[in-house]
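Let the hints inform the model, and build the full structure from the sequences given.
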Amino acid sequence: MSDTGVVSVVLAGVGGQGILLASEIIAEAALLSGLDVKTNEVHGMAQRGGSVIAQIRFGPEVFSPLVPEGSARVLAALEKIEALRYYRHLAPDGVAVVSTQEIIPVSVSSGQAVYPADAEFRLRKVFPRLVLLDALEVAGGLSSPRSANVVVIGAVSHFLGLGEEAWMEALKRRVKPAFLEANRRAFAAGRALAQACRFL
Amino acid sequence: MEKRLLSGNEAIARGAYEAGVTVAAGYPGTPSTEILEALSRHRDQVYCEWAPNEKVAFEVAAGACLTGARCLVTMKHVGLNVAADPLMTLAYTGVVGGLVACVADDPGMHSSQNEQDSRHFARFGKVPLLEPADSQEAADYTKLALELSERHRTPVLLRSTTRVSHSRGPVLLGERHPSPLKIGFEKDPPRYVPVPIWGRQMRLRLEERLKKLAAEADGSPLNRIEWRDRSLGIIAGGIAYPYVREAFPEASVLKIGWTFPFPDGRIREFAAGVKQLLIVEELDPILEEHVRSLGIDCIGKELVPAIGELSTTFLSDVRRQLEGKGKSALTPFPEACLDIPARPPVLCAGCPHRGIFYALGRFDVVVTGDIGCYSLATFPPLSRIDTILCMGGGISMAHGMDRAGNPRKVVGVVGDSTFFHSGITGLLDIAYNQGTSTIIVLDNRTTAMTGHQCHPGTGMTLMGTQSPVISIEEIGRACGIANVVTVNPYRLESVKETLKTALESDQPWLIVARAVCPLAAKAKVGPVLQVNQERCIGCGACLKLGCPAIEGGTGKPQVNPLLCIGCDLCRQVCPKQAYEERKGGADV
Chain A
1 MSDTGVVSVV
11 LAGVGGQGIL
21 LASEIIAEAA
31 LLSGLDVKTN
41 EVHGMAQRGG
51 SVIAQIRFGP
61 EVFSPLVPEG
71 SARVLAALEK
81 IEALRYYRHL
91 APDGVAVVST
101 QEIIPVSVSS
111 GQAVYPADAE
121 FRLRKVFPRL
131 VLLDALEVAG
141 GLSSPRSANV
151 VVIGAVSHFL
161 GLGEEAWMEA
171 LKRRVKPAFL
181 EANRRAFAAG
191 RALAQACRFL
Chain B
201 MEKRLLSGNE
211 AIARGAYEAG
221 VTVAAGYPGT
231 PSTEILEALS
241 RHRDQVYCEW
251 APNEKVAFEV
261 AAGACLTGAR
271 CLVTMKHVGL
281 NVAADPLMTL
291 AYTGVVGGLV
301 ACVADDPGMH
311 SSQNEQDSRH
321 FARFGKVPLL
331 EPADSQEAAD
341 YTKLALELSE
351 RHRTPVLLRS
361 TTRVSHSRGP
371 VLLGERHPSP
381 LKIGFEKDPP
391 RYVPVPIWGR
401 QMRLRLEERL
411 KKLAAEADGS
421 PLNRIEWRDR
431 SLGIIAGGIA
441 YPYVREAFPE
451 ASVLKIGWTF
461 PFPDGRIREF
471 AAGVKQLLIV
481 EELDPILEEH
491 VRSLGIDCIG
501 KELVPAIGEL
511 STTFLSDVRR
521 QLEGKGKSAL
531 TPFPEACLDI
541 PARPPVLCAG
551 CPHRGIFYAL
561 GRFDVVVTGD
571 IGCYSLATFP
581 PLSRIDTILC
591 MGGGISMAHG
601 MDRAGNPRKV
611 VGVVGDSTFF
621 HSGITGLLDI
631 AYNQGTSTII
641 VLDNRTTAMT
651 GHQCHPGTGM
661 TLMGTQSPVI
671 SIEEIGRACG
681 IANVVTVNPY
691 RLESVKETLK
701 TALESDQPWL
711 IVARAVCPLA
721 AKAKVGPVLQ
731 VNQERCIGCG
741 ACLKLGCPAI
751 EGGTGKPQVN
761 PLLCIGCDLC
771 RQVCPKQAYE
781 ERKGGADV
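Chains as they are written, first to last, in the numbering used here: chain A, 1 to 200; chain B, 201 to 788.
Among the hints, a few may not be true.
[To be verified] Only pairs whose alpha carbons sit at most 25 Å apart, straight line, appear in this in silico BS3-like list of lysine-lysine:
1) B:K475 x B:K527
2) B:K744 x B:K609
3) A:K176 x B:K722
4) B:K501 x B:K475
5) B:K724 x B:K783
6) B:K724 x B:K696
7) A:K172 x B:K203
8) B:K696 x B:K776
9) B:K756 x B:K783
10) B:K776 x B:K744
11) B:K203 x A:K176
12) A:K176 x B:K724
Hints were generated in silico from the structure; no laboratory data involved.
Written out as structure tokens, the structure reads:
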């Protein structure tokens, strides 16, 4: 495929973690930056505690809403093994932003499968450019545990090259006014964590 | 003009709004649900309703359009099967105000029981079919479909797919253009009454209309040729187009947006201008077979999969094969990503359905299931649904098994919205034909799976008005079922007792298991529980509930306080009274 200047992002997590809102914020920020945008989100059955992904693509002209395998600039996950599950989407030089939450699937509780005890080790092994953070703890520290998704978006934003103003306006447009201030702080905290990361 | 990020579904609603639609009806179904929800935000200008099923919704729109109103009717692909009856004949009588039936297919079966290609209905019903590829087109094509419908007096199908409906893209917002037609039905029996003498005339007019439509489709900008390198030309319809543009950026493309009647002239012109012709369409080879019927040689389903969704990744592989490079292996998964536990969707923590399926697990019965969240009870550890077919099928199939002489008792399970959709006639059949099945309506007071839409049992309408709460119990009695009981699905002992009575009787029973969907109510059922680790013996009895709030696997189970909503089922199944109220209450 030719280089079309399209940036792709994949967000992964478990139904109910706020992936949809996170996806909307990124897409809005790209649109506000004057770019073409396409996104895709999973609805319906998959939202009942299942594994979910959202895909966001922006650039001068975007055709498909789906991220081709091996092309995402950022793969962000709100749960450890969900990052491993969507490994294929990330470009070889892409960045994985992973929050260290561990949500035990029913398949594990009912004894049909085992949750890998070495999930963090595996993450470090397969993602050479990895930002590992505990978004829930960061959000909890800001007294708004519900904004863990926005902490992750803050970290992701560092790698997308969109302007600060676009992000702030996107938050304003997509977050309920009552939660805006908390989400601004969550975003800033996530962004600072990513800025502090140095890859080899 | 303002540009806004809209999903395909929101864009269809926007298009309908701008085109002056005044009546819209549908039945929720993924991936179509959000169209009507979005349109209902304009309820001051557009009458919107959730009908009990798609056939009713279609007929509501059919009636409305004969008064001159512009109408939209929405459904998922299997919903069009239900609405097929009125569609087939409305094509004969025709419309007055524009009528667009929007059907959303689900290639890949993300949230559906089959993968049918609804494009077949266009040819079957002899009605035009438009297929948008993104949100902007979804809005534009909806407007165009309404205009076509009104001008040619035909219903028009607008076909979306999951990736069109649930993808977002920028859409230019336009003004609303109200219809100039005055509302009022004008009597004209030869036009609206398809008794044979007039129906045969309608049949002839239908064919004439199709010819005119074919000529128009041929010249339509919706079917456009993009000349680039002519060594390869690709015909692509709907969502296949963006994938083709990414995987074959230099190829010439005939983009098909108006699929039926087929644009034969364009197809011939395009085929003549390229060296090699490839047809890329999701699901069935509908375009491909038509191209071949024109005597044009092409490559199609021998390379492009007919099963599941397409994607740029898939088409890159098609390209490799076309170039003789062989099938590429997908990016290999490193070992670290291989043995990851599956995370399929599950019944939510505190779901009232869980109590019923757990209780059913205590009896040696066959359970015929239906369409809804409760289909998730098919999987371990509950494993308590044995069949699923279609909306309402859970009731009638139970009777069929019973009448065939199945040695085990049969229990039919159906949701409340599904019961109103097409369960009532099945229940009537059981009473009329003196069956003995036990039918359970899982009444969680909402259409849960599709995101909590109202229905006749909820006392609310899509217009935001209150309406009488239609009683499932009263319907059961009116159908002739003598044994109608209501149970609380969170009380396992009483559920089991009721089931026992019903299953031991030689009469049909209707059990209404009523508890509000906690996800819809956004409220806890009771105090959050925790496991007393000293009393717990690790027997695993609670894990048989399959509750996502109870985390097990290693050591003794723990309750995730963020997920637990205090339904109390775990406390009821624990043999050692190890479940107790969480200290500090719900504060986490």
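Hints, one by one, checked against the model:
1. B:K475 x B:K527: holds (23 Å)
2. B:K744 x B:K609: At roughly 23 Å apart (the allowed maximum being 25 Å), K609 of chain B and K744 of chain B satisfy the hint.
3. A:K176 x B:K722: Cα-Cα ~18 Å, so holds.
4. B:K501 x B:K475: holds (19 Å)
5. B:K724 x B:K783: holds (16 Å)
6. B:K724 x B:K696: With Cα atoms ~24 Å apart, K724 of chain B and K696 of chain B stay inside 25 Å; holds.
7. A:K172 x B:K203: holds (17 Å)
8. B:K696 x B:K776: holds (20 Å)
9. B:K756 x B:K783: holds (18 Å)
10. B:K776 x B:K744: holds (15 Å)
11. B:K203 x A:K176: This hinted pair holds, its Cα atoms lying about 21 Å apart.
12. A:K176 x B:K724: holds (23 Å)
Of the numbered hints stated above, none is contradicted by the structure.
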